[in-house]
Each structure stands twice: as structure tokens, then as C-alpha cells.
Amino acid sequence: MSTPTESDLPRLLRIDTHVATAADNAAVERAELPVVPRIVLHSSPISKWLDWVFRNLLLLCSLSVLGVMGIIFYELTSRSKLSIAKFGLHFFTGQTWDPVAGDFGALPFIYGTLLSSVVALLLAVPLAVGVAIFVTELCPRMLRGVISFTVELLAAIPSVIYGLWGIFVLVPILRLQVQPWLSKYGAWTGLFTGPAYGIGMLAAGIILAIMIVPIIASITREVLVAVPQSQREAVLALGATRWEMVRMAVLRNARAGIMGGIILGLGRAIGETMAVTMLIGNRPEIAKSLFAPGYTMASVIANEFSEATDDLYLSALVEIGLALLIVTVIVNACARLLVWSITRGSSVRSHA
Amino acid sequence: MNRTFKLVLCALILCVAASAQSLNGAGASFPAPIYQKWFTEYSNAHKGVQINYQSLGSGAGIRQVIAGTVDFGASDGPMTDEQLAQAQAAQGKVLHIPTVLGAVVPAYNIPGVKQEIKFTPEVLAGIFLGKINSWDDPSITAANPGVRFPKKEIIVVHRADGSGTTYIFTDYLSKVSPAWNSQVGRGTSVKWPVGLAGKGNEGVAGQVRQIDGSIGYVELIYAVQNNISYGLVKNKSGNYIKATLESVTAAAAAAAANMPADYRVSITDPAGKSAYPIASFTWLLIPQQSRDANKGRVLRDFCNWMLKEGQTEVGALSYAPLPKEVIKKLKVTIVDIH
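Residue numbers (the numbering used here), protein chains in the order written: chain G, 1 to 352; chain B, 353 to 690.
These are computed hints drawn from the structure, not numbers from a lab.
The structure presented is a predicted model; accordingly, all values stated were derived computationally and were not measured.
Relax, there's no trap hidden among the hints.
Sample of chain B residues facing chain G (criterion: CB under 8 Å; computed from the structure):
| hint | residue |
| --- | --- |
| 1 | L408 |
| 2 | I414 |
| 3 | A512 |
| 4 | D513 |
| 5 | G514 |
| 6 | S515 |
| 7 | V536 |
| 8 | G537 |
| 9 | V542 |
| 10 | K543 |
| 11 | L548 |
| 12 | A549 |
| 13 | K551 |
| 14 | G555 |
| 15 | Q562 |
Restraint ranges, calculated between C-beta atoms of paired labels, are given here:
| hint | chain 1 | residue 1 | chain 2 | residue 2 | range |
| --- | --- | --- | --- | --- | --- |
| 16 | B | S534 | G | W340 | 53 to 63 Å |
| 17 | G | N332 | B | N376 | 37 to 47 Å |
| 18 | G | A101 | B | E474 | 20 to 30 Å |
| 19 | B | H398 | G | V118 | 56 to 66 Å |
| 20 | G | N332 | B | E393 | 47 to 57 Å |
| 21 | G | A85 | B | E474 | 38 to 48 Å |
| 22 | G | T328 | B | T493 | 50 to 60 Å |
| 23 | B | N376 | G | E75 | 21 to 31 Å |
| 24 | B | G464 | G | V118 | 39 to 49 Å |
| 25 | B | Q406 | G | T328 | 25 to 35 Å |
| 26 | G | A101 | B | K676 | 38 to 48 Å |
| 27 | G | E75 | B | P545 | 34 to 44 Å |
| 28 | B | S534 | G | I147 | 53 to 63 Å |
Distance condition first, Cα-Cα at most 16 Å in a straight line; then the derived EDC-like pairs of lysine to aspartate or glutamate:
| hint | chain 1 | residue 1 | chain 2 | residue 2 |
| --- | --- | --- | --- | --- |
| 29 | B | K660 | B | E393 |
| 30 | B | K625 | B | E598 |
| 31 | B | K543 | G | E285 |
| 32 | B | K543 | G | D98 |
| 33 | B | K466 | B | D564 |
| 34 | B | K543 | G | D103 |
| 35 | B | K676 | B | E661 |
| 36 | B | K504 | B | D489 |
| 37 | G | K86 | G | D310 |
Quick reminder that beta carbons are idealized off the backbone N, C-alpha and C, glycines included.
Use the sequences and the hints to build the structure in full.
Below is the structure:
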């Protein structure tokens with residue numbers, strides 16, 4: 001862009017003044033705003049009462065969310081009483097799951113849920129954020145609609161289809177191509193050792209990644225679009241390259257929102273059942289290698305609940321549900337903390 | 353418009369009135385296809401009777417019978433004494449009525465081996481315990497003269513979901529192997545010493561098909577309908593038997609001689625010469641005294657119909673029919689359903 005010439009100046013100025021007037025008008029309107037509705041309110045005899053009803057109705061709506069959460073927690077706790085009484089805290093550290101002997105521990109399931117979700121996030125976040133940046137910043141207009149539509153289409157596929165696709169397409173590729181290569185070059189990490197079944201933690205992580213990409217990508221895209229154009233122009237005007245502009249103007253402003261998208265994706269990954277259970281191998285064991293089979297909390301509940309006959313077994317399965325709830329709350333709290341620390345950091349920097 | 357509405361309303365009311373005798377059942381998913389067929393045909397033949405069946409799993413079937421939320425239940429495994437006592441206290445006596453037979457077969461995928469493999473009970477238990485872990489193990493080759501086994505690791509595949517299939521298979525292994533009985537035991541889900549798990553018959557069969565050197569267990573019906581080749585198993589009399597509808601019914605006939613009065617019997621590893629050893633009854637759980645006399649009458653009539661007409665059509669869906677001896681005994685038992 002060439003520097004503005006003198007002939008451009010009046011236009012720029014006019015725009016400037018125009019903007020200023022609009023802002024002034026807004027300020028005036030803001031000052032008057034409380035007065036007008038008040039008059040309307042007082043003109044109707046039941047308006048005060050309606051106002052009160054409306055406020056409390058909304059309060060009730062918000063409280064009902066807390067209420068539902070409370071009921072879920074109460075039900076899970078009361079129905080897992082047997083198991084809580086028998087195993088206590090040992091339930092969360094025990095590694096045996098033996099329905100025949102009546103010995104239950106949740107640690108392998110907690111481990112499997114967390115590990116598969118972390119693998120999924122590691123794969124999905126760069127991909128999803130990359131897609132979002134491309135679509136908002138670099139993509140030709142023609143392609144934009146097609147790409148976002150396709151990405152969002154991924155979210156509409158039922159998870160059982162993902163599972164079947166995983167079994168028949170992903171797993172053979174993993175077993176015959178990816179895993180031999182990984183174990184050749186990555187065995188030293190300890191993450192890629194053991195026999196290559198195809199099925200296992202890695203397959204589950206990859207399928208979860210594909211399932212959460214659309215969530216993270218579409219939220220990130222919305223957030224990136226919301227970054228004011230002026231920020232981009234300002235950074236470009238300072239002589240930044242395209243990438244520097246994206247990094248400094250777009251990503252920095254949008255990171256809280258992107259974190260929000262990642263949290264939603266994580267929530268989906270933790271709770272996903274069907275596709276994971278079809279691919280993870282369903283073995284309640286803690287193994288370092290991603291090739292080894294694992295098990296998740298959601299999967300074991302779905303798999304064993306309908307055929308669980310004795311009371312302790314059922315109660316242990318319900319307690320797995322309780323553990324899932326607690327893990328979700330903790331993970332969400334950590335993520336919130338992360339968002340809070342990031343946004344706080346940015347505001348401090350902008351003031352400095 | 354108004355007229356049509358009235359007509360529709362009348363039709364609806366008639367429908368409700370006609371299906372006044374509607375019964376609800378829930379339970380095992382393994383016999384669900386034949387139950388659905390039976391209940392539809394029975395309803396068609398008996399106007400005004402409607403029987404609904406939900407395949408929620410055996411565990412759910414037993415729980416709902418105890419709680420009295422259904423008119424009858426269904427299960428692949430018999431209720432335990434403790435559960436029967438609970439049901440007795442809450443709903444009165446509950447009868448086990450065997451309906452059809454199911455069997456479980458070993459399916460495998462050994463590269464280079466096309467023949468049907470023979471399994472001894474010791475080999476099956478050894479493989480699923482993880483003690484036998486290569487296909488060229490002498491105990492496998494000894495039972496299969498003339499078959500060249502590769503030196504390939506055995507990968508065990510089992511069911512991930514709790515299921516009656518797993519119960520039958522582990523019940524068999526518990527009977528033939530003391531080591532299995534003490535280390536693992538029988539149940540709808542057990543702590544497997546080795547292996548991967550697939551969800552449902554299709555999950556197990558899918559993994560077996562894909563992984564070279566794997567072995568799993570699936571329902572006979574599933575194997576037959578999907579053309580999965582499966583192995584022969586040595587029975588108590590020392591014969592290698594291939595699972596077929598006849599050999600499964602033979603297993604039940606062999607067990608019929610010393611069948612307990614309440615039909616709660618495991619027929620795995622039976623004595624008969626031509627009996628396939630990994631088989632089981634599946635049961636309807638029917639309260640002897642229904643709270644509604646009409647419902648009791650329908651249930652009794654249905655059981656009679658099931659033993660006569662019903663049994664003739666189980667083969668079409670690959671279920672093994674009940675042996676004559678058991679039908680004869682059952683006819684006496686169901687007179688008591690009220």
C-alpha cells in the first residue's frame with residue numbers, strides 16, 4: 001500500500017470525524033438509556049412484578065444447572081455406596097479389575113482416559129488451529145466455504161462410524177506402516193515399543209483427535225474472525241510479515257478463546273465412548289507404550305453395565321462414573337486456571 | 353378435517369382397547385432375534401395380545417424381574433441362589449424356562465493354515481491363560497497331525513462388553529481347567545490374563561480377521577451367518593466335535609437326564625458322545641404367579657405355543673432347538689404358571 005497522499009487527507013479526516021460523531025452519539029444515548037425503559041416500566045401496573053418474576057426466573061434457570069449437577073453427584077455417590085464402603089480411597093489407586101473375585105480399582109481406567117485425551121489434544125490442536133488460521137487469514141475466498149463446511153461435516157459423523165472406519169482403515173495402516181516405522185525410529189522414547197497390534201492407545205488417540213478437530217477448529221475460527229481488523233492493519237502497518245501479523249495480532253488476542261475451544265474438545269475426548277472402545281483394546285492395564293491396549297472410564301461403563309448382575313460390581317461401575325465426573329471437574333478447573341493465567345498475563349503486558 | 357380427526361381418535365382408542373393385554377419383557381440380547389420373531393407371530397395368531405421385548409442384557413433382565421418392572425425377563429445365565437431369594441421375597445417364585453440353545457466356537461486366523469483346527473480343552477485353556485503362546489506349540493501340533501503350523505505368536509481376542517457368550521466360554525474353561533477356575537473363574541466379564549478385547553461378536557471377529565496369529569471366541573450363530581471358519585473341540589468322550597445345531601442339541605439331550613427341577617443347569621462339557629461341549633441354554637424368567645391373572649394365562653399359553661410351533665422355526669435363525677426330553681419335562685412345569 002502506498003503512503004497516503006495529500007489528496008487522500010480530507011477523506012481520511014472525514015472518516016475520522018464521522019467515527020468521532022458516532023461515538024459521541026453513542027455516549028449520549030448511553031447516558032439517556034436508563035431513563036426511557038423506566039418510564040415504560042412505571043406506566044404498567046404489573047411491570048415491577050414482571051421484572052421481579054423475570055429476574056427470579058433467570059436465577060432459577062441458572063440454579064437449575066447447579067441443581068442437576070448436585071443431583072448427579074448425589075445419585076452417583078449414593079448408588080456407589082457399597083463400593084465406596086468396601087474400597088475407600090483405594091478404589092482410585094487400585095489397579096485390579098476382577099468382576100469374578102469382586103476386586104475393583106479404577107486407576108487403569110483413569111490413566112487410559114487421560115492418556116488417550118492428551119494424545120488426541122497433541123495431535124488435534126496444531127491441526128485445528130492451523131486450519132482455522134488458514135481459513136480466516138490466508139485462504140482464497142472460493143476455498144473458504146468448502147474447507148469450513150468439510151471440517152464441520154466431520155463433527156456430524158456418528159462415533160460408531162468413526163469406530164468402524166478406525167477398525168477397517170486406520171488400524172491396518174497403523175499396524176503395517178506407521179507402527180513399524182515408529183518403533184524403528186522412536187523406540188528409544190519408550191512410547192513406541194511392544195508388538196504392533198494396530199489396536200491400542202495410539203489408535204484411540206488418533207481417532208479422538210479426528211473427532212475433536214472440528215470442534216476446536218470451528219471455535220478457533222469464530223474467535224479469529226472476532227479479532228478486530230484494525231489490529232491486523234496496525235501490525236501490518238508496522239511492517240510485520242503475514243506470519244508475524246498472525247502471531248502478534250491474531251493469536252495473541254485470540255488465545256483465551258482458543259483455549260476455550262480446546263477445553264470443549266478435551267471434554268468431548270474424555271467422554272467419548274463408542275469409537276474409543278472399538279479401537280483401544282479394552283485392557284485395564286497401565287502401560288507406557290502407546291502401542292499397548294488400554295481402557296477408558298466411559299468405555300468400561302458402556303461395556304459392562306448391562307450385564308453386571310451382582311450389587312458390588314454395579315456399585316463399582318457407578319463409582320467409575322463418579323470418578324469420571326471428578327476427573328472432568330478437575331481437568332476443567334485446571335483448564336480454567338490456565339485460561340485465567342494467560343488472560344491475566346496479557347492484560348498486564350498490554351498495560352506495561 | 354374434524355371428521356378425520358374423530359376417526360383417527362376412534363381408531364387410536366380401538367387400538368388401545370385391542371392391545372389391552374400387553375406384556376413387557378426385557379433381558380438377554382443373544383436370543384433377542386428369535387424372541388422378536390416369536391412374539392410377533394404369537395401376537396398375530398392371538399388377537400388382542402401384544403408382547404414387547406427389550407434386549408437390554410441378561411443383567412438388566414434379572415434386575416428388572418427382581419424389581420417387578422417387567423412381566424417376564426430373559427437371561428443367558430441362570431439366576432444365582434441369592435438373586436432367586438431376592439426375587440422370591442419381592443415377586444414370589446420365579447421359574448427358569450429354557451427356550452433355545454446357543455454355542456460358542458473358537459475362531460482363529462493362522463497364516464498358511466486353511467484346515468479346520470482341532471482343539472483339546474487343555475490347549476484352549478492354555479492359550480487363553482497365556483501359557484501356550486506360539487502356534488507351533490507341541491500340544492497344538494499333537495492334536496492336529498498333518499497340519500503345518502507357523503512359528504507365530506498367538507494373540508488372544510476376547511469380548512470387551514459383558515456378555516452371555518463370555519459366560520458360556522469361561523464356564524467351560526472353568527470346568528475343564530483347574531488353573532482357569534482358580535485364577536480367572538466364570539462370569540459375564542472376567543479378568544483376562546492376556547489379550548485384546550473387541551466389542552460384540554463383530555468386534556472380536558473383526559480383530560481376528562485382521563490380526564495374523566489371533567484366536568477369539570464368537571457365538572455359533574454369528575460364525576455361521578458370516579461364514580467364519582471355526583475349530584473343532586474335543587468333548588468329554590474324547591471325540592472332536594464341530595459345532596452344529598445337531599451337536600448343540602445333543603449336548604442339551606446329554607444333560608437332560610440329570611436336569612434339576614428348576615432347569616438352572618450348565619450344560620458345558622457334557623457327557624454325550626456327539627455333544628458339542630461349549631453350549632448353553634438361554635432362559636425366560638417367568639414369575640409363577642403373575643399379579644395379573646390374565647397376564648399369567650397369556651404367559652402360560654405362550655410357553656405352550658413356544659414349545660410346539662415356536663421350536664419348529666428356530667433353525668431358520670440358526671438357533672439350536674430344545675431336545676425332546678427337555679420339552680417333555682417343560683410341558684409339565686409350565687402348567688404351574690398362573
